[in-house]
Amino acid sequence: MQIILTEYLGTLLRGLGTTAVLTVVAFVASVAGGLLMATFRISPIPPLRVAGAVYVEIFRNVPLVSLLIVVVYGLPEINLNPGFVPGVIIAMTLVGTAFACETFRTGINAIGAGQIEAARSIGLTFGGIVRELILPQATRTVIGPTVTLFIGIMLSSSLATVVGVRDLTGTVSYINNREALGITTFLVAAVLYAAISLGAAAFGARMETRLRVLR
Amino acid sequence: MSMQHALFDTVGPRARRRVAVVTVISLVAIAGLLGLAYYQFYASGQLAPSKWRELLQPATMRYLARALGNTGLAALGAAAIGLPLGLLLAVGRLSHRAWFRWPATAVIEAFRAVPVLLIIYIFMFALPQYGINPDVYWKLVIPIGLCAAATLAEVFRAGVLALPRGQGEAAAAVGMTGPQAFRLVIFPQALRVVIPALVAQAVIVVKDTAFGYVVSYSELMQSGRVLVANTGDLIQTYLVITVIYVIVNIIISRLAQRLDSVLARKRAGGGRRFTALIPGRSAIQ
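Heads up: the protein sequence lines correspond to chains A and B, in order. Quick note, the first sequence lines up with residues 128 to 342 if you use the working numbering. Quick note, the second sequence lines up with residues 14 to 298 if you use the working numbering.
A few of these clues could be false.
[Unchecked claim] Under 10 Å between C-beta atoms, here's a sample of chain A residues computed to sit facing chain B:
1) Thr138
2) Ser285
3) Ala316
None of these hints come from the bench; they were simulated from the model. Fair warning: this is a prediction, and the values are worked out from it, not measured in the lab. We treat Cβ as the ideally placed atom computed from N, Cα and C, and that holds for glycine.
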């Protein structure tokens, strides 16, 4: 235990940093992609609706490991080479976007057609409805699921280890390889993951009770 | 009335023209993307028939079928661990006894908060240092089962909490003890509510079995690696394998939705659906 915190502290922090970078970039990109996909799925443009549905169906059901292999090792074969860290982020984002899309769509659908009809009947335009009615309510309903999305993306960043990127999981495995300290090494990572997950969950729960929409 | 109709009125002539224009633009954009993907494959020579021929050999197909069978075996093993353990944890978390509730809650939260891969690594690299060295099948299946148990416990719990409180009170009123009420009144009803959600969770378990690639258990991913070592056709092999996963998981999701609509019709009060109950934090992996 001692040696992990003295000799390997820098290594460990670098691993944690890689996990943080993968998580934050993939999360932000997934939220952006999810908003775009959700807009496609509720738009009046048929091909966009179909494309959105097909996208979600594919990327919600694909194991991230297999997508990771296709992106990191497969794309170079068709002359596209994203590199390791960007490749991991691309794969995480492709999957994260599908889950984010469904999260946001559920949030929008939860508002109820009656309210939108009411807004239209008092003469609000489409933009007005989105700004005054949908966004304020949808953001609140999706806080919980979005925090779950964040935790899911954070946990999925551990897969970077599979293609040899030294994130938090990869780092403790590397330390164990050199020092054979047994389970202690891995528990350090477990505690860090749990602290981030449970911290995010607690933050989400607090925001939710504060902003709850009563129906 | 659906959201769609509420948001967008039946369109007038101007709006119809606008929708038509955007429809054409988006069709062109989608076709462009697909065309670009096709070109990349074509220009790099990856569409050459010789690159795909190996995958179409009967021997390769038999090999992949066996790999799919092993994926199924791993998923079943994980479910066999996850379902009973998940039920036990759910009962614990709902218990009035603190000595049972707190450990169960801690286990659920812990296994929902760490990546499956880290637990697999503990089984691969840490436990053998203490002389615990099970077969690769178990190094894959036990970690997946433990993480599934934590999520399934939350599904069971949500099912119990979704029942009207009157059910438990009525059971108490006719003189049942707490455990009796749970076994005879609450649990059978909760189970019917959550069955579709349990089936939907199978998608997560199937996805997790792809970690066979990490522990070298010969399921689809690992078998793909063996194929690639022999043929060198990496992108072709893994695209086929990825498509197999997607098809299998879509079938499972559809089954869950079907069960849900059938069971929802039979439930008193009808309507409420539970397929989406507790999307696991690990769903993304």
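Quick rundown of the hints versus the structure:
This hint is violated: Thr138 (chain A) has a C-beta 16 Å from the nearest C-beta of chain B, more than the 10 Å allowed. Because the closest C-beta pair between Ser285 (chain A) and chain B is about 4 Å apart, less than 10 Å, the hint holds. Nearest Cβ of chain B to the Cβ of Ala316 (chain A): about 6 Å, under the 10 Å cut. The hint holds.
Violated hint: 1 only; the structure is consistent with all others.
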